[in-house]
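A.B. asks: Residues per chain are reported as follows:
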Amino acid sequence: MRFTLNGKRARLDVHPMKRLLDVLREDCGFTGTKEGCGEGECGACTILIEGMPVNSCLVPAAHADGARVTTIEGLDGRHPLQRAFVDHGGAQCGICTPGMIMAAVALGRKPTLEQIRVGLAGNLCRCTGYSAIYRSIRRAR
Amino acid sequence: MPSRSVGRSVVRKEGRGKVTGAARYIDDLTFPGLIHARTIRSTIPAGEIVDVAFGFDTSGFTLVDYRDIPGRNIVALIDDDQPCLAERLVRHVAEPILLLAHADREALLAADVRIRYREAVPTYDATTSPIAFKTIAIDKGRIDQGFREADVIVEGEYRTGHQEQLYIEPNGVIAVPEHGGVTVYGSMQCPYYVHRALKVLLDLPDDKVRVVQTETGGGFGGKEEYPSMIAGHAALVAIKAQRPVKLVYDRVEDMLATTKRHPAVIRHRTGVKRDGTLTAIDIDAVIDGGAYATLSAVVLSRGVIHATGPYRCDHIRIRGRATMTNTPPNGAFRGFGAPQTQFAAEVHMDRIAEALGIDPVRIREINALRPGDRTATGQRLGRDCSALAVLRETVKRTDFKRKWRAYARLKASRCLKASRYKEGGSRGIGLSLFFHGAGFTGGGEVKLASKASLALTDRGARILVASTEIGQGTRTMHAQIVADTLGVPYDCVDVNAADTGQVPDSGPTVASRTCMVVGRILQRCAEDMRERLGRLTPREYLKRHGPLVITREYERPTDMAWDDNSYRGDAYGTYGWACDVAEIEVDRETWEVKPIAFTTVHEIGKAIHPVLALGQIEGGSAQGLGYALLEEVVMRDGRMANAQLTNYIIPTTLDTPPIDVVILENPYKHGPFGAKGVGEMPIDGPAPAAINALRNAGFDLREIPATPERVMVSEKQEPRHALHA
Ligand code: FES
Ligand code: FES
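Listed in order, the protein sequences are those of chains A and B.
Under our numbering, residues 990 to 1130 are what the first sequence spells out, in order.
Under our numbering, residues 99 to 823 are what the second sequence spells out, in order.
One or more hints might be untrue.
Computed beta-carbon distance windows for the label pairs [claimed, not checked]: (1) B:G599 with A:G996: 37 to 43 angstroms; (2) A:R998 with B:E638: 52 to 58 angstroms; (3) A:E1015 with B:F154: 22 to 28 angstroms; (4) A:E1015 with B:N745: 28 to 34 angstroms; (5) B:T141 with A:G1066: 43 to 49 angstroms; (6) B:N745 with A:T1101: 28 to 34 angstroms; (7) A:R1000 with B:A547: 56 to 62 angstroms; (8) B:R500 with A:G996: 24 to 30 angstroms.
Straight-line alpha carbon distances no greater than 35 angstroms define the calculated DSBU-like cross-link-like pairs of lysine-lysine that follow [unchecked claim]: (9) B:K494 with A:K1099; (10) A:K1007 with B:K494; (11) A:K1099 with B:K692.
In short, the hints are calculated from the structure, not lab data.
A virtual CB, placed ideally from N, CA and C, is assigned to each residue, including glycine.
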C-alpha cells in the first residue's frame, strides 16, 4: 500500500486486512497511537484519515491506501493542544492522550464546550473525569 | 525558607512525552528475539483438572506449567495461598493453568488446548460462605448501653457490586532472561511487590531479579498486586525459552481475569436520640474476597475502620468478614474498602434523618467528628480534623437546603398527581460527608520501613524512590518537595526510573501514601543534604567531596500508637475530609439516572501541585459516579459475562456532569509542607451522594450500581425500618 503518513509518502508491503493500528505501530514504528480495547469503544487509537478522526483498531490497512494519515507524531510536538494538555492537566497517565488530542484536533479551532463533549464522546479517559481535558482544549492557543 | 514551587502548578516531569507519543508504555517496547506468550485459563469455577491435551503441533512452542516453577508455586503477598499456575485444583474461572509462547502471534492464538475437569459445587454467596480469609472486630464503649440510651433505632442493609478499575492500558509485562536471572519491565504500581514475588517463585537471590516500571497507563489499585502474577508468568516462560517474552493482555482477558473491587453487604443498626445524637452504631460488613486471599484482609481493615463514616459516637460495635467465593480474586481498587462501607454509612445517615424528620445537613452537623473527638478505634483527632468545615462549605456553595426541600416538595406533589408527572424527569439532590485515612493502616508503615534516597547532582539532586508515576503526578510532586526543601529550582531536580536495580524500596504506590509518607522521607533526605552542602553549591560539593547519596527511612511520628490485637489506637497518621453534593435526574421512560451537577469540597492538608490535586479529585469523583450509576459487573456462573467495553460502561464525556471542586487546606504536621493523602478519598463520596439524591427524588435504593432495573422498582417504597425503641 501507499499512503501519506505524517506528511511523508510511505510504501509498505502489508496484508490489506491488517489493522491500521498495527501497521502504524509495528510496520511504521509510530507507537504513539495506543490500543485500549481493540473494539472501537475507547478511542485510544484515534488517528486522522484525511483530517477525519478514525478508530485505527477498526480500520483495515487497505482503507488508508492512497490517503493522508496523521498520528500524534505528525503534530511534531508543536501543536498548541499538546502544550495545553501538559499545562492544564489534560494528560494524567497519558494513555488516552494521543487519541484524545487527535480527536480534539479534528474539532477545529475554538470549539464550544458542547462541541467538545459531543466530539470526544468516543474517547474514554479513566483518570481525569474529562474536566481538565475540556480546560486544556479551551485554553489551547 | 522561600517556597518556590510547592503550591504552584509547575510543568509535570513526563508531560511532554505523553502529549507527543514519545512516552513508552509496555506494549510500545520490543527486544531482539522477542516471543509472545498466552495464558491458558480454567473455564470452570471449581473442581479438578483431569487432563490436558494439545490439539496442535507443539514444536516451535514453549510450554510452561507448574512443574517448570523452580521455587514455590505461589504469588507471594500476604497469605501465600494463590498458585501462580494451578496444579490440580481450580478455584475460579480464568485461573491460569498453562503458558504457551511462540514468536508468531497468529500461531499462538490458533493453538488449541483442551482441558478436562472434574467439577465441584461452587460457592458464590459471600454472606453464607463458610471460609473466611479474615475477621475483624472493633469495639468502643458498650453497645447495649448505647441502644438503651436511644429513642429510635434505624436498621438497614446496603449492597455494593464489583467494580473494574478499567485503566485504559491493560496489564502487561516483558521478561528478559539475563545474567543468570531475569529482568521484568512492566505496567505496575509496586516494583518491589513484583521483585519479592519473583524471588519466591523463581528461587533467585535479590540481585538476580530486576524489576523496572515502564510508563503506566493508569492503575487505580488494579496494578498493585496483579502484576506479580503476570510478571511471574512471563518470567517462567523467559527462563525456559531463554528469550525475551511479551505478555500483554487484551481488554477482554484483563476484565475476565484480573482483580476488581470487592462487592460488599453491610448491615447497620443505629441508636439515635430524638434530637439526632447518635448513641449506638452496630455494623456488620461482609466483603467478597473471591477465590484467593490477595489483599482482602487489608481491604477489610480499611473498610471497617471507615465504616461509621466521619461521626462521633460513644458506643460502637463493628464486625467485618472477608470471605471466599469461587469467583476471580478481588483486590485493590482506589478507596480499598472505604467506598463500600462509607456508601452504606452515608445512605443510612439519610435514612436516620428521615426517620427523625430532620434534614440531611442537620443530622451530620450534630454528629460530625470534631477536633478532640475519638474515632471508632479510639483515635483522638487533632486540629487537622475538618469534617464540619467541608460540610458547611459544600452546603453553602450548592444552596443545598433550599434545593433539597424544593425537590422533596415536588416529589410529594408528584405522588398526589402521579399521572401528570409520568413523563419528564424527576430530580433530586443528595449529600455525603466522608473521610479517608492516609498511608498504611495501623502499624503498616512501621512494618514497611520504606526508604528513599537523594543523590547530589551537578545541578541539584536526583530522586531515587520505588514510588511509581501512574498518572497522579508522583515524579512532579516529589521533585517539588525536594526542590523547595533543598532550595534549588524545580527543574534542577530529576527523578530516577522506578527500577529495583537502582532505587531503594519505598514501599508500594498505594494507600494515598506517596506524597504524605514517601514525600516526607524525601523531604528529610533533602533537609540532610542541605545541611551537608552548607554554603557550597552542588557542583562545588561534588568537586571537593565526591558523590553524595542520602538515604532515609520512615520514622513513625512519636505521637502515634496502634495495637493490632485490640484494633485500638491511631489507625492513620491523619485523615482527609470531604463532602460531595450530587444533583441527579431520573428519566421516567428509561429509568436511567443522569448526574446533572456535582460539587465537592476536599480538605487535603496542602495541595503541593494544585492542578494535579484537582485532577485526582475530578477523576476520582467521575470514577465514583460510574460506580454509583453505570458500572455493573455481571457475574454468571462465576464468570464476568460483560467483559467488554461495549457492555461494561464507564463514564464518557456525556455521562460526566460538570465537577465543581473546592480544595481546603488544613495542614498535617507530619506531612511534607502539611500535605495529607489525596488519591483515594474522592471515590468514597459520589455513590452515597448520588443515591441520597435519588432518595430525595423519591427512590429508595440501597444497592449500587443504580441500574434502570433497580431504579424502576425502588420508587415509593415507604421507609419501614424505623422502629421505636
Ligand atoms: S483501541 Fe481502538 S477504540 Fe479502543
Ligand atoms: S489520562 Fe489516563 S486515561 Fe486519560
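A.B. asks: Hint by hint, note whether the structure agrees.
C.D. replies: Going through the hints against the structure:
Under the hint 37 to 43 angstroms, the C-beta atoms of B:G599 and A:G996, about 40 angstroms apart, fit the expected range. Remark: the range hint 52 to 58 angstroms for A:R998 to B:E638 is upheld by a beta-carbon distance near 54 angstroms. Restraint check, A:E1015 to B:F154: a C-beta distance of roughly 24 angstroms satisfies the suggested window 22 to 28 angstroms. As the Cβ distance of A:E1015 to B:N745 is approximately 29 angstroms, the hint placing it in 28 to 34 angstroms holds.
Between B:T141 and A:G1066, the C-beta spacing of about 47 angstroms keeps the proposed range 43 to 49 angstroms intact. Checked against the hint of 28 to 34 angstroms, the pair B:N745 and A:T1101 passes, with Cβ atoms roughly 31 angstroms apart. Under the hint 56 to 62 angstroms, the C-beta atoms of A:R1000 and B:A547, about 58 angstroms apart, fit the expected range. Distance hint for B:R500 and A:G996: a CB-CB separation of about 57 angstroms, inconsistent with the stated range 24 to 30 angstroms.
With a C-alpha separation of about 34 angstroms, the suggested pair B:K494 and A:K1099 falls inside the 35 angstroms cut-off, and the hint holds. Between A:K1007 and B:K494 the CA atoms are separated by roughly 57 angstroms; this puts the pair beyond 35 angstroms, and the hint is violated. For the suggested pair A:K1099 and B:K692, the alpha carbons sit about 28 angstroms apart, so the restraint of at most 35 angstroms is met.
The structure shown violates the earlier hints numbered 8 and 10.
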